[in-house]
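Trainee: These protein sequence lines are chains A and B, in that order. So for the first sequence, the working numbering puts the first residue at 1; every next one is plus one. So for the second sequence, the working numbering puts the first residue at 1; every next one is plus one.
Keep in mind that the hints were calculated from the coordinates and are not lab data. Mixed in with the good hints, there may be bad ones.
Claimed, not checked - Think about it this way: if two alpha-carbon atoms lie no more than 30 Å apart in a straight line, the pair counts; the simulated DSBU-like pairs of lysine-lysine are:
#: 1; chain 1: B; residue 1: Lys481; chain 2: A; residue 2: Lys413
#: 2; chain 1: B; residue 1: Lys547; chain 2: A; residue 2: Lys6
#: 3; chain 1: B; residue 1: Lys95; chain 2: B; residue 2: Lys65
#: 4; chain 1: A; residue 1: Lys525; chain 2: B; residue 2: Lys742
#: 5; chain 1: B; residue 1: Lys740; chain 2: A; residue 2: Lys400
#: 6; chain 1: B; residue 1: Lys19; chain 2: A; residue 2: Lys413
#: 7; chain 1: A; residue 1: Lys71; chain 2: A; residue 2: Lys144
#: 8; chain 1: A; residue 1: Lys77; chain 2: B; residue 2: Lys512
#: 9; chain 1: B; residue 1: Lys543; chain 2: B; residue 2: Lys478
#: 10; chain 1: B; residue 1: Lys481; chain 2: A; residue 2: Lys525
#: 11; chain 1: A; residue 1: Lys170; chain 2: A; residue 2: Lys152
#: 12; chain 1: A; residue 1: Lys400; chain 2: B; residue 2: Lys159
#: 13; chain 1: B; residue 1: Lys19; chain 2: A; residue 2: Lys3
#: 14; chain 1: A; residue 1: Lys525; chain 2: B; residue 2: Lys747
#: 15; chain 1: B; residue 1: Lys159; chain 2: B; residue 2: Lys95
Claimed, not checked - What follows is a set of in silico ranges between Cβ atoms, one per label pair, in the way DEER data are often shown:
#: 16; chain 1: B; residue 1: Ile560; chain 2: A; residue 2: Lys52; range: 34 to 44 Å
#: 17; chain 1: B; residue 1: Gly432; chain 2: A; residue 2: Ile317; range: 46 to 56 Å
#: 18; chain 1: B; residue 1: Pro463; chain 2: A; residue 2: Gly39; range: 33 to 43 Å
#: 19; chain 1: A; residue 1: Thr174; chain 2: B; residue 2: Glu191; range: 51 to 61 Å
#: 20; chain 1: B; residue 1: Asp89; chain 2: A; residue 2: Asn210; range: 57 to 67 Å
All values reported here derive from a predicted model rather than from experimental measurement. Cβ atoms here follow ideal geometry from the backbone N, Cα and C, with glycine treated the same way.
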Amino acid sequence: MKKILKTGTPYIWLTACMLTISLLMIGGLILLIMVKGLGVFWPHEMVRFVLKDGSVVMGEIAKTESIPHIKDTYRTKLKIGNRDAFGLDFQWVDHEAVARREYPPDALAFERREWGNLYGFLKGLKVGENTKPISEQELEALIKESYALYKKIRHVEKRAIGNINYVMEKNRLTLRRLQALPSNADTQEKVNDIQVDVNRLESLYHTQENLLAELYQEARKQEVVVTISDGRERTLPVFQIIRMYAPNKMGVFAKVGFYISKFWEFVSAEPREANTEGGIFPAIFGTVMMVFIMSIAVVPLGVLTAVYLKEYAGDNIISRLVRISVSNLAGVPSIVFGVFGLGFFIYFIGGGIDSLFYSESLPTPTFGTGGILWASLTLSLLTVPVVVVATEEGLSSASKSVREGSYALGATKFETLWRVVLPQATPGILTGTILSMARAVGEVAPLMITGVVKLAPSLPLDSHYPFVHLERKFMHLGFHIYDVGFQSPNVEAAVPMVYTTTLVLVITVLTLNISAILLRNRLRKWYNSSAM
Amino acid sequence: MKSIKRRRFTDKAAHWVIKLGGAAVIVVILALFIFIFLEVYPLLKDARVIDKKTFLLSESVIALKTDDQQEIACVLYKKGLVEFISLTDGAVIKKHPLSGLGNALITSVDMADNHLFIGTDDGRLLTVALSFSESFDQGVRIISPEVSEEEPLCFDDQKKPLKSIICKKSDSARVLIASSEDGRLLLRATEETTSLFGRGEKKEVVQDITGLISGAGRNDAPHLSPPDERLAMTPAVTSLALDHFLENLYVGASNGELFHFNISDKENPYLVEKIKASDTAITALGFLLGDVSLVVGDQRGGINVWMRVRDEALASGWALKRIHTLKSHNAAVIAIAPSFRDKGFLTAASDGTINLNHATSEQTLLTITTTAKPATIVFSPKANGALAVDENNTLYLWHISNPHPETTLKTLFGRVWYEGYEKPEFVWQSTGGTDDFEPKLSLTPLIFGTIKGTMYAMLFAVPVGVLAALYTSQFLHKTLKPIKPVIEIMAALPSVVLGFLAGLWLAPLIEKIFPAIIIFPLFILLFISFAIFLWNYIPPAFKGRYKHGAEALFLIPFIIIAAYVSIQLSGYCEHLLFSDDYRRWLNDILGLRYDQRNAVVVGFAIGFAIIPLIFTISEDAMNNVPKSLISASLALGATPWQTAMRVVLPTASPGVFSAIMIGFGRAVGETMIVLMATGNTPIMDWNIFNGFRALAANIAVEIPEAPMGGTLYRTLFLAAMLLFITTFLVNTVAETVRQKMKRRYSKL
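Could you build the full structure based on these sequences and the hints that come with them?
Mentor: Laid out in structure tokens, this is it:
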């Protein structure tokens, strides 16, 4: 034994074990996110438990586990849906208490626009006081029909009335600004104009409102009657149904189709039910737009710094200070940048902009509160070092002979830099940009205090002039994970979706990183070959 | 073709632009620090007088009041006139002679909300209500004050002057206490009780409670000694204080004694405690906001704050204790005026000095003076001004800037004795339910939490990171080097993802299989031995070129099996080691409470985040150790392991040190993981099974709710500054060490 220890082999194995643990952790983590995140939308079979006390529980199986401290006993967690009827989303069933377990083929799941899923059996369509039997196919057709109606309602609510409100708000602010001015004939005329416009808008608003009421009345005419597991009957307006499916009858292909349509909805639709259902499109959009604005700000600063360090600075005190600053920018906690962003960008600069240009809407702040611009600028400070380091590497790869050739032909230093060196460093700059994007996509702490919200009423990019609204608050994938996972009132129902959001975020970050690494490797190879 | 001149100009301009761009980074980091510092700096500044005004009044004044905006002062003259004076120009806005006063003079006044309770020299009580109605005329605010009197009340049957008076009201009751010039203490309480049938019943209690002070016991036995004799034994009452619960009455006496009575039963008030609060006479008493802390001022100018603190030794369970001592005046304290915003108060002494104090932070922020002995002082409702009238009938108005009276270095980092606590403690509690809640902003629990989280994370990450780096740089086969980027990718995982998984997946998992975590290292050792044993029996032909350097891959299945086995044996191990329930066992045997989101989880998650950092930087350092050194060592007959330990590690140690430093910096500032994977309770306890609250997470949680420029806001900036300075030092040291090492290698 002593002899073996003396050779040191076991210690080498121990250090190997540390590497193995690191590898397993990263592999396990990614596997975990994949499994948890990809499984969310797969339709599970619907099971009906008839319990020994005669009561019936029906729902999708969420998980089965052994009961702690009692041997050979198991329990199953069922997603029973019907939040409006039962008050809960999930119920635990002890296997001991189950008398019979069955998979009724005609059990249906209805995805609703409100109140989550409804599980039950189709009884019929309500006509006046009576219920008329209806087949699933017929109902399917009705749901498709009602979708057109729903789209119309959405259009009136969002676009028509939204536009009117937008113009009304603009008018109100203009009016306030005019009233603050000394009154004369000119302003009086403008005020009158606005009054006329306001009246016109108000009548327009009323027509739209009436239209909406009519649409809603029409929508409510068609109602389905569904028998839920405990035998009660529930009525459900058809236009409230997003999707209807019978999981126990579905084959593999049907399930795959269902899965794809759900996943598409997830990445392209707006959230419902306090972010626990629907999609995450606004969060994806907000993240992308923030990262885009950030890279516009960070690339020039990072490249300038790198060029200064590599091409212009000698070995003097300033260049050493710049190096220390860069390494510190990389090391200072992100929350400190957030605090700086809040105090400097939002309260100091934003507050200044407000009192200069938006004084008519004060005390409601316009730029003096968190927004996508401030969040992006804060993050751009945070990611400068990433761009600097990558660009420096790119600059050192620029071939010396070409550069000297440029000088020999009489080009100035800047001309050489601009026409010869920088083009060769482009892959390095690109790598830096991608890496900084990856960093920004995953950063949450500074955003939490500079403009991210759990639910933004409108995207920062829309059809209203000036189209890009830099002062607006926005949604972000990372914050969405934190908020839904930890701040949601119904965490249990929300967590499965959070895993999918996590998966989307991790895939984005990994794709960005891997492409940056590949780019960097290519750069290094090129550098090595050109050096020879 | 561009001219040479223009080309030169472009070249020069570009030169400057790039130089400025480079310097911009320095500017950014400086701006970061300076801006944060500027936000923190006002915290420790003293109060100052912005503006002082004086007005000469016609007669001697007994009471004073002002409105929110400090635009109007309401003055009560001794001879019975209420006057409203504009504080901008001194003009009299309204006069109201008190008709109910008759020919009597005012001897004492108590002010509460918008009421004046006036005691007269013929033993009567007059209640006067003041109201201010606001109206706007062409954008100008006009305040019109109103005065209404109630019917005067005969308070003292003997018609002696009322020397001091105090009145407090609740929804259904009102208590009046007065001391008469001849030393009697009178109580008059009216209570409205609603009977079962909804009919209001009014009950009135009128009592002479002097006996409680003289020690003759309950007052219902006056026949024991004749009244005159009793009075002779009684120390003279100098001041009164009654809380708004109508329960605790404090009486200051001329011999320095402080009496505490419980008057919750108005018919049977009793003495709770008598204490010698001062060597000389108590001259002024006053409650601070919330009516819990009592300020006691004495003849020699001493100012102390007393509070009832739990004490099991006493029958009542509470004991009066001196909590804070403030800077003394040089003469007798004659008046105390509390702030309506915080635990601040004004004290006036007979030599004309007025001090602005804050009880909790024990600091005297400002001293202002009047030319003659002050007659009355008052704090403005927003605590941004003070008013006083002296005996020369001069009215003073000071506009005061006092944004952060509650903050000193001691309240930020030391133990502070807050109301309701049994001893001085480190407390972070920034918000509370009630209006008179006092924010408790000690950064110490947060610093502690940060250190705790960082320490547990480092305990996990340093061995794993450094040893894995050692293996990768020295022993890993050349063809397996692409493993390195995999670990780099680990660094790219967003911390919000790690925090989410740690909080919602790992924490419940560890709670369930905690015993497995304990036996896991044992099984790892066991399975490694097994793996070594097996490795020697694998035919060399099968190993191919991986005779050495593939151990890490070979171990993968063994570690997975070790993990699986320990999870399977978790229940059995719990049964064997912890008598079936480890949580109960921890609690019973070790006295440790187990939280689901605890330091183990956080340490693991932050460790996960910093392992790649430590790994990459130390691997770089070890890789850069000159090959000549390694070859020399091996040539001299050292084993690869000896070479790694004795040559590579010492040579690369500066690099490893800077790797650990950078990892430390990252762990200190980690926000999302801590936020999501701990309970965020600001407790100070090294228990690894408890949560904690760290500086960074605390900023993220609280700053969105902190009003800009407020004390909480600035304190959070201070927390950010601490983080900034810590990481700045750590990073600068790490960077310097790394640069030095690079230079040394280049020489070798």
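Trainee: Are the Cα atoms of Lys77 (chain A) and Lys512 (chain B) separated by 30 Å or less?
Mentor: Holds, at roughly 17 Å.
Trainee: Would you check the hint for Lys525 (chain A) and Lys747 (chain B), treating anything up to 30 Å between C-alpha atoms as holding?
Mentor: This hinted pair holds, its Cα atoms lying about 27 Å apart.
Trainee: Mind checking the alpha carbons of Lys19 (chain B) and Lys413 (chain A) for me, to see if they're no more than 30 Å apart?
Mentor: Roughly 14 Å between the alpha carbons, so the hint for Lys19 (chain B) and Lys413 (chain A) holds.
Trainee: Need the status of pair Lys547 (chain B), Lys6 (chain A): alpha-carbon distance at most 30 Å?
Mentor: holds (19 Å)
Trainee: Lys481 (chain B) and Lys413 (chain A) were given as a pair; does the straight-line alpha-carbon distance stay at or below 30 Å?
Mentor: violated (40 Å)
Trainee: Does Lys481 (chain B) pair with Lys525 (chain A) here, judged by a C-alpha cut-off of 30 Å?
Mentor: Status holds; Cα separation ~16 Å.
Trainee: Given the hinted pair Lys543 (chain B) and Lys478 (chain B), is their alpha-carbon gap at most 30 Å?
Mentor: holds (15 Å)
Trainee: Please work out if Lys400 (chain A) and Lys159 (chain B) have their alpha carbons no farther apart than 30 Å.
Mentor: violated (108 Å)
Trainee: Do Thr174 (chain A) and Glu191 (chain B) keep their Cβ atoms within the hinted range of 51 to 61 Å?
Mentor: holds (59 Å)
Trainee: Assess, step by step, whether the Cα of Lys159 (chain B) is no farther than 30 Å from the Cα of Lys95 (chain B), and give holds or violated.
Mentor: Given pair Lys159 (chain B), Lys95 (chain B) holds - Cα atoms ~28 Å apart, limit 30 Å.
Trainee: Checking one constraint from the list: CA of Lys740 (chain B) to CA of Lys400 (chain A), max 30 Å. Satisfied?
Mentor: Satisfied, since the Cα-Cα distance of roughly 28 Å is no more than 30 Å.
Trainee: With a cut-off of 30 Å on the C-alpha distance, tell me whether Lys170 (chain A) and Lys152 (chain A) pass.
Mentor: holds (26 Å)
Hint violations for this structure: numbers 1, 7, 12 and 13, all remaining hints satisfied.
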